[in-house]
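Visitor: The residues making up each chain are set out below.
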Amino acid sequence: MGEPLRAMSPSDQHAETPNDTNASKESSGPRPALVSVPSQDARAKSSGGRTYKRRLISFVHPLQVRVLSHVIAYSLIVFVLLAIPVFKPLMQSLDNPALSWQERAVVANDLLGLHARFWPWALGASIVVLIHCVHSLLLMQRVAGPIYRLTRVFPQIGDGNLCMRATFREGDYLVPEADLVNQMTAKLQTKINMLKHAQVMLALDTARFKEVAVMKNDPALTALAKQMEQNLAGLKTSLDTFKTYSG
Amino acid sequence: MKGLFQRRQLFVHPVQYWFVITTLLYFACLLLTLYAVVFLPMAQPLYDSSISWEQRAEIATQFLELNGRIWPWLIITFLVLLLHSMYFMHRIAGPLYRFTALFRSIGTGQLHQRARLRKHDYLHREAQAFNSMLDHFENKMQTINLHSALVTQAYETVALQVREQAPGQITAALETLEEEIHRLKTCLAEFELQTQQPLAQQCSERAGSSTSQSSNAMKAA
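Line order of the protein sequences matches chains A and B.
Under the working numbering, the first residue of the first sequence is numbered 1, with each subsequent residue one higher.
Under the working numbering, the first residue of the second sequence is numbered 1001, with each subsequent residue one higher.
The shape of chain A in the complex, shown without the other chains (with noise of 0.2 Å):
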């Protein structure tokens, strides 16, 4: 389709790079609110409204050859089908030896008549078939794009762009397919940034449990906060592959 992946990814734009120490050096002050997050389906129905132009016939899935085949194979089949029944009784009257020279003169001569009408009518039955072409290959671009752009937007979601969304043109087949892999990515969107969530409220404890051992002056408890504060980094790297909305 040569045309730019139609998914969206609005962190992009503001996308931030992780800092592992973040969420410890803010922990002084008491527990922040979160900032609630917007509804992922009210984004994804804000990108899904743009729409996109249709080329007019591009080959971007195998299948669109095999529906072409299929049709011109078809097509063959019925002509020869038909033609066979309409010549066959013809030739087997000319190659009967029963039959005399005179005869078989009015058979050939039949026959040379049938098949000047029937090939002129034939060549205009060709159009009909290019059109079937045509028309078949515009329908099963509606399906081969879709499955096409899913395609492309797989690999992302792997890569842990929680923010990518499916959207397809006008008239395309395959929309409950696409609803339901966005809906499958806000979800898991869902359930990273709950994890998300639930690493930087225990990364503030953390913090908090480090400023008491502080006080307490206990080199002991401060030196195995440290540690667990490495670990909650170490967590943090790892969730920030995922991008999500929320960062």
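Worth flagging that the hints you see were computed from the coordinates, not collected in a lab.
Some hints here could point you the wrong way.
Stated by the list, open to error - Using 25 Å as the maximum straight-line C-alpha spacing, the simulated DMTMM-like pairs for lysine to aspartate or glutamate come out as follows: (1) B:1185 <-> A:172; (2) B:1119 <-> B:1135; (3) A:196 <-> B:1156; (4) A:196 <-> B:1126; (5) A:216 <-> B:1135.
Please build the complex by placing chain B on the supplied structure of chain A, with the hints as guidance.
Guide: Structure of chain B alone, referenced to chain A:
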């Protein structure tokens, strides 16, 4: 990707309906055109007033005879092509149907599931892309699980240390920590991963090294 499933339902996706309808329309159009190609030239002399009724009768007989020969062929062809087009579309609709079920279950966190198609199905390439996405996602979740296990391990070491000393303010902070760790674990439990066992081993190995680091830290302190 092996053919593990049998075809049970004839129609599983709306795409099949339009494909069958389109095939029928194509066939009807082609049939009308070819029928006209064969029979219109034959029927034209019937309307010619200069032809005698004997000749007209002969043409009409030929016309009927040809009709009788052609229709059985056409009906058989039509049925064969219809069946073939349905089979062809089933090889696309089947995978789409399976993908739909997977999209629903993956959304609920069942990351251990994979797209498995029948041998003769189309969309194997798409199934591979989808499975690859799930593999990547699952790897990330395993890393998170690993880090979560390390955090839990570190917390347990701290808890042990605090319980030995039992100072009131620190115990309260510890309880809050425990709640947060429990919440993190609950969030993580929503993801069902394929390979839990190797991860548990990894965790215990990493956690062991973390514990030794903690004890070293304590000793140093």
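Visitor: All hints are to be evaluated individually against the structure, with a verdict given for each.
Guide: Status of the hints after comparison with the structure:
{"no.": "1", "hint": "B:1185 <-> A:172", "result": "41 Å, violated"}
{"no.": "2", "hint": "B:1119 <-> B:1135", "result": "22 Å, holds"}
{"no.": "3", "hint": "A:196 <-> B:1156", "result": "21 Å, holds"}
{"no.": "4", "hint": "A:196 <-> B:1126", "result": "31 Å, violated"}
{"no.": "5", "hint": "A:216 <-> B:1135", "result": "47 Å, violated"}
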